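A.B. asks: Following the hints, put chains B, C and D in place on chain A, whose structure we already have.
Chains as they are written, first to last, in UniProt numbering: chain A, 1 to 406; chain B, 1 to 406; chain C, 1 to 406; chain D, 1 to 406.
By construction, these hints were calculated from the structure, which means they are not laboratory data.
Possibly wrong hints are sitting among the right ones.
When chains are identical, the list treats them as one kind, so a pair holds in a single copy or across two.
[Said to hold, decoys possible] Straight-line distance between alpha carbons at most 20 Å, and here's what the computed SDA-like set of lysine to any residue pairs gives:
1. Lys353 - Asn262
2. Lys101 - Asp149
3. Lys242 - Glu393
4. Lys99 - Asp149
5. Lys386 - Asp98
6. Lys235 - Glu191
7. Lys115 - Glu79
8. Lys74 - Val104
9. Lys246 - Leu121
10. Lys178 - Glu15
11. Lys225 - Lys381
12. Lys106 - Gly143
13. Lys234 - Lys386
14. Lys193 - Pro301
15. Lys52 - Gly78
16. Lys74 - Ile96
17. Lys118 - Asp137
18. Lys372 - Val272
19. Lys353 - Tyr267
20. Lys353 - Phe273
Only a predicted model underlies this, so the values are computations on that prediction, with no experimental measurement involved.
Number of protein chains: 4
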Amino acid sequence: MRNIIVKKLDLPSIEERPVEIVERKGLGHPDSICDGIAESVSRALCKMYKEKFGTVLHHNTDQVELVGGHAYPKFGGGEMVGPIYILLSGRATMEIHDKEKNEVIKLPVSTVAVKAAKEYLKKVLRNADIDKDVIVDCRIGQGSVDLVDVFERQKNEVPLANDTSFGVGYAPLSTTEKLVLEIEKYLNSEELKKELPAVGEDIKVMGLREGKKITLTIAMAVVDKYVKNVEEYKKVIEEVRKRVEKIAKEIAKDYEVEVCINTADDYERESVFLTVIGTSAEMGDDGSVGRGNRVNGLITPFRPMSMEAASGKNPINHVGKIYNILANLIANDIAKLDGVKECYVRILSQIGKPIDQPKALDIEIITEEGYKLEDIEPKAKEIANKWLDNIMEVTEMIIEGKVTTF
Amino acid sequence: MRNIIVKKLDLPSIEERPVEIVERKGLGHPDSICDGIAESVSRALCKMYKEKFGTVLHHNTDQVELVGGHAYPKFGGGEMVGPIYILLSGRATMEIHDKEKNEVIKLPVSTVAVKAAKEYLKKVLRNADIDKDVIVDCRIGQGSVDLVDVFERQKNEVPLANDTSFGVGYAPLSTTEKLVLEIEKYLNSEELKKELPAVGEDIKVMGLREGKKITLTIAMAVVDKYVKNVEEYKKVIEEVRKRVEKIAKEIAKDYEVEVCINTADDYERESVFLTVIGTSAEMGDDGSVGRGNRVNGLITPFRPMSMEAASGKNPINHVGKIYNILANLIANDIAKLDGVKECYVRILSQIGKPIDQPKALDIEIITEEGYKLEDIEPKAKEIANKWLDNIMEVTEMIIEGKVTTF
Amino acid sequence: MRNIIVKKLDLPSIEERPVEIVERKGLGHPDSICDGIAESVSRALCKMYKEKFGTVLHHNTDQVELVGGHAYPKFGGGEMVGPIYILLSGRATMEIHDKEKNEVIKLPVSTVAVKAAKEYLKKVLRNADIDKDVIVDCRIGQGSVDLVDVFERQKNEVPLANDTSFGVGYAPLSTTEKLVLEIEKYLNSEELKKELPAVGEDIKVMGLREGKKITLTIAMAVVDKYVKNVEEYKKVIEEVRKRVEKIAKEIAKDYEVEVCINTADDYERESVFLTVIGTSAEMGDDGSVGRGNRVNGLITPFRPMSMEAASGKNPINHVGKIYNILANLIANDIAKLDGVKECYVRILSQIGKPIDQPKALDIEIITEEGYKLEDIEPKAKEIANKWLDNIMEVTEMIIEGKVTTF
Amino acid sequence: MRNIIVKKLDLPSIEERPVEIVERKGLGHPDSICDGIAESVSRALCKMYKEKFGTVLHHNTDQVELVGGHAYPKFGGGEMVGPIYILLSGRATMEIHDKEKNEVIKLPVSTVAVKAAKEYLKKVLRNADIDKDVIVDCRIGQGSVDLVDVFERQKNEVPLANDTSFGVGYAPLSTTEKLVLEIEKYLNSEELKKELPAVGEDIKVMGLREGKKITLTIAMAVVDKYVKNVEEYKKVIEEVRKRVEKIAKEIAKDYEVEVCINTADDYERESVFLTVIGTSAEMGDDGSVGRGNRVNGLITPFRPMSMEAASGKNPINHVGKIYNILANLIANDIAKLDGVKECYVRILSQIGKPIDQPKALDIEIITEEGYKLEDIEPKAKEIANKWLDNIMEVTEMIIEGKVTTF
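Chain A extracted, bound-state conformation:
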């Protein structure tokens, strides 16, 4: 019997509250680059461990520090003069001691990590030459394990929580949240890049809703080689504005949406957000894991948030990572139940206990008018129990990249 509590929340739903602030740091933002690398490295290590031993060994690669480079953008194409420096750290199992054979098996952790980081960068920073524009350094620390423990792990039992920690999640997304999320995704989509290659990957979208008015403030890097002059730059901005406004009309029909792009630009002085490779990381902006989006892809100060840096944490027993993702998965399913207007889920672990046995799993529900909590409660519990029963599938989803962590 798990400690699952379902409560009614007597609050106005997020949409009914007067103000809302929502932010998303896009894929090319320095903090998101770090999140993405950290998670890519963890996933690559998971795959390497599974290939070699059929199970994932201990690691946490949630430490990536990006030190901005030096770039000299100019209309028509400038150049990178100093590379971005990226330090991978964290820890991973590098050695397996086979005590019977008196042997040590060494694992290619650092090479796999460096490779994964570069492959991720190649994918995300379309306009960079990773060979010269980025230095990827690695100080991932050593961990070791006994071969017997590896066998133990292969049995595939539910892992024990690594810490006393908690995760939070909620559903559904508010209109502003959906808007912010979808716009960044669109602006960083393959299709848009084909049509508007000048749009860089460093895109920060901030949504401020006051009543029925949403102000979208977008900071968007423009890639210099695709724009010959400030006129062309303006055209790119205007084209993006048009497209964003179109999406806004679809997603936020009932709202007045104002779109502000690169508000700090000064066309007269030609002081605009021009970049060589599409990210502010090229010119001194640093980044770090866990300082940007939460696992639902957003920063939402008007919603409950966890401080946990999920990206790069191991998906086996790191409850700080797993429970944040799980809380969102459960909330998403519950939110689809009839009568549920909004749902908040909090999961608290107990260090050393199986991760499918949290100390507490709290579900708070704002019901639709005319619905009773008593009717919803058993279904909500069922959903929670089902997810907990299959918690090791969450691990698989993470390894396969089917859920986001930032």
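C.D. replies: Just chains B, C and D, lined up with the frame of chain A:
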């Protein structure tokens, strides 16, 4: 006329809500070490700039990455075998161009930063030999400024916001929050270290309140050279428990408080939280700025929080830093007004506008029974206005270390 | 009138002396890798500077440190588990101050350097995946120059010596020297690698001549993926021995030559020089610029040598580099004159004087029997003068890679 | 029976040859700093190993890279703005596997190395604040050994040569050599620094002898805080010149000696060799192990030299280090024999053979007139044999710092 809005919040206060989770990462936690270094570096740069030019020049040193070392603790005294590696990054004004004289003035940014980091470490990690146990590396990026801009800045006008960002604060602290904060402070106080030198600096306190019951889970490093064996270790733990329980009785009289210290310890196998220099950073635990405590010293997932990494940001125009601190200062003052049970403050900046002119300053108040918002509103506005009028004093308070950032 | 002195040397020639030791560290030796990178970086910077300004700006990139990686070779193919770390340092002109326009032009020094290093590595280490097996870091220091000085340099006048330094050279190579040089070249040639891909690039050849007997001791990395077992390994060694003996017969007809390859191998225990990527740098062997071959490609303790690390030095005014190369060029030409058995050239610079005006250029000649120095002297002087007259062509030869530096 | 050969050398002695070039890079020269650190680290590791196990374990720490800092010297006292970066690399035994107990003992290699480097720097760079002016980073690679091998080593048998390598030495020093050596030692002596604190530690002395004339070219850093203006700077230079001339008269009575100090200085433009901490490493000059002085403290292109970087190599079985030192020790003793004018010693190792059994030990002697080689030969052999018999004392001398390596 500033856009200050005061609203009534029709919610149960935090104390009346059923559950509360509060966490504090103590001074010796790897994330807090990074926060502390980042802020020390910024403060040292501020002082250097002021000494040389009478004004603070641009910088953001909110990027510190700590890569854990290797230690071999043992009862009676083990040793560090591999140093902790700390990378300072961020950006700071290193050059001033005196265009009239065709001269460049270079500023000792990196040396000042390295020195400040080491001095902070010496203060916080009493048991470390900073000369051998820590490597402080520095990749702080270069910024430059024209001398005319330095003169401009010396005029001491209200700076312009560097970004569209926001800050949040609230007051008063709940009982659980106070408890968590005070216990860490006590355990890391000079007096306690004199009486119980075995207590390390890496202390994480987590408080879980369920109704009237508070469970305090404390993870606390013990310094090996002060404990000869597992018996002495146990004595230290018991002595600390006694003292914590005593404090708990004072601060949380009306609550049942359970104190759990180092719950993962296994005395039989002598597997305990033993360290050489008092922090888990000595053995592979990494750290980063902005992943731990918010500016009020706490992580409070049941309260509104900002993701901003305040430590190390410049205290002049970085609204992400200033507004978080300011929101707490304003909330604290308002909370002292008659009739205010709880107060939440949110401040939103507009990029490019003077920082004393926020786009919006929202005050939400839960009133005591029998009080009307109308009576409180003008006083609350007065408080907010006064703080905004004197916003540059906040900068001074930060530079002088009179407010915490983590 | 230059200070050129021609003297007769009354010594037995190198071939007539009883003992000779000659060594060559092949292209894949960690020290040679560093030399090669340093020189590649310098050449790439020269080209970049010339492309942008029509002239080479100041730089010295003769500092490369290679920290060995971690590899787990095994018959049939092992893997790299930790990458090789390579730190580029030195100094180069990164900024040009255009004082008239009050502008700073930034140059892509670090990105060009990193790219050049990787391209060189790709060429030399055929079996490495540079993306994962090597980390190239860069701390090349900043230098700046005034635009007026750039214009000055464009005038293409003879540069002034940067230091009081000297260069030495001699010709012809002794039989042992030729043998050592040619064997390494052959073993690292494209053709041999096609026929015997198992031969790695890390090849050290040491020749010890005692009277008419030459002992060649070759340490040669074997690439694991091309040899399935110790039998195949032995076959590779034997095949190489056969080929080396064949070359030895051609070059050193009059000598008895013994060839020893990988003498530390122990076939019983399968302890052999097996590598994953063909260099000992993969497994902890470090390297550095200037610790291996002199500019003639050899280490010759029985001949005069300069300590100068030529690779990576700027080819414009760094006399330590230019004079060592020049001394060999002059010696080579003089050695071809009738009656010259052996020739030694030493060139001493004076700091601040044009490099075509050395303080002294000493030529020592061992004459063939029946020849008089007086007859040779004017021709030798003519050769020296001609080379000094065209000293800036030496710079071009270096930039175009027509002369070796290691 | 050892293979010791004594031969007569029919050459003019060094003093009788027309030209001689001798150089010494003083203690504060960037290359010498690296040599000194490398050797200090090795010696500290030797002591640590001996303390823990009574024997020295395997290591080679002959890789130190120094990347110059940024300084802004000015008369009366400037400041360091960017620290010098020093990377320690190489390899050392960090782990001992006790297979019986199934345990791994970890050794404090990196912390001991970092500490030793800093202590050396504090001693050599009197005017630096090592806490802020220098960053010491460490990437020393891991080696491991079985406990049984440690026991084996404790038996104290003669170690086996690690490589096929050789060492060279000669004696006595020529007048020019003595002069160059003694002047640097004097200028870097405690006594002189007390009397003339303005004299920095970065002192390069080059001696060019042409017949009976010696030109001493000295490049000497001056410490800015001790000289208020160019006048005081000139006084320091003049005072040093006087003292050097005095020493020259004592050591080189029969020679005309010209002393040139800081010849590139331009007093008019106040462009002089002024430094903040007394070394050119403060302002972009890089350094590396093995690029400066040979084990006798000199660079002597007119004498046989080894390329070996002795500093930092292990003193147990690294013949490249031991044989160079040994060759000088033997040459020194032989040079004291009656009738010996000059003596050259070359020792060649065989990989895998005991180091007291070199493959060949060649002694070449230039005899005084009236002496026969036959009379000297047996004494010379005796000297060589005695040193080889006691070769493990050489190791002790190295560990205790009784012989120099650079």
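A.B. asks: State for each hint whether it applies.
C.D. replies: So, going through the hints one by one against the coordinates:
no., hint, verdict
1, Lys353 - Asn262, "between (49 Å within a copy, 15 Å between copies)"
2, Lys101 - Asp149, "both (15 Å within a copy, 18 Å between copies)"
3, Lys242 - Glu393, "neither (41 Å within a copy, 43 Å between copies)"
4, Lys99 - Asp149, "both (11 Å within a copy, 19 Å between copies)"
5, Lys386 - Asp98, "neither (38 Å within a copy, 48 Å between copies)"
6, Lys235 - Glu191, "within (18 Å within a copy, 56 Å between copies)"
7, Lys115 - Glu79, "between (25 Å within a copy, 14 Å between copies)"
8, Lys74 - Val104, "between (53 Å within a copy, 14 Å between copies)"
9, Lys246 - Leu121, "neither (30 Å within a copy, 50 Å between copies)"
10, Lys178 - Glu15, "within (12 Å within a copy, 33 Å between copies)"
11, Lys225 - Lys381, "neither (55 Å within a copy, 50 Å between copies)"
12, Lys106 - Gly143, "both (11 Å within a copy, 13 Å between copies)"
13, Lys234 - Lys386, "neither (52 Å within a copy, 41 Å between copies)"
14, Lys193 - Pro301, "neither (31 Å within a copy, 37 Å between copies)"
15, Lys52 - Gly78, "between (45 Å within a copy, 13 Å between copies)"
16, Lys74 - Ile96, "between (52 Å within a copy, 17 Å between copies)"
17, Lys118 - Asp137, "both (11 Å within a copy, 14 Å between copies)"
18, Lys372 - Val272, "neither (54 Å within a copy, 49 Å between copies)"
19, Lys353 - Tyr267, "between (59 Å within a copy, 18 Å between copies)"
20, Lys353 - Phe273, "between (50 Å within a copy, 19 Å between copies)"
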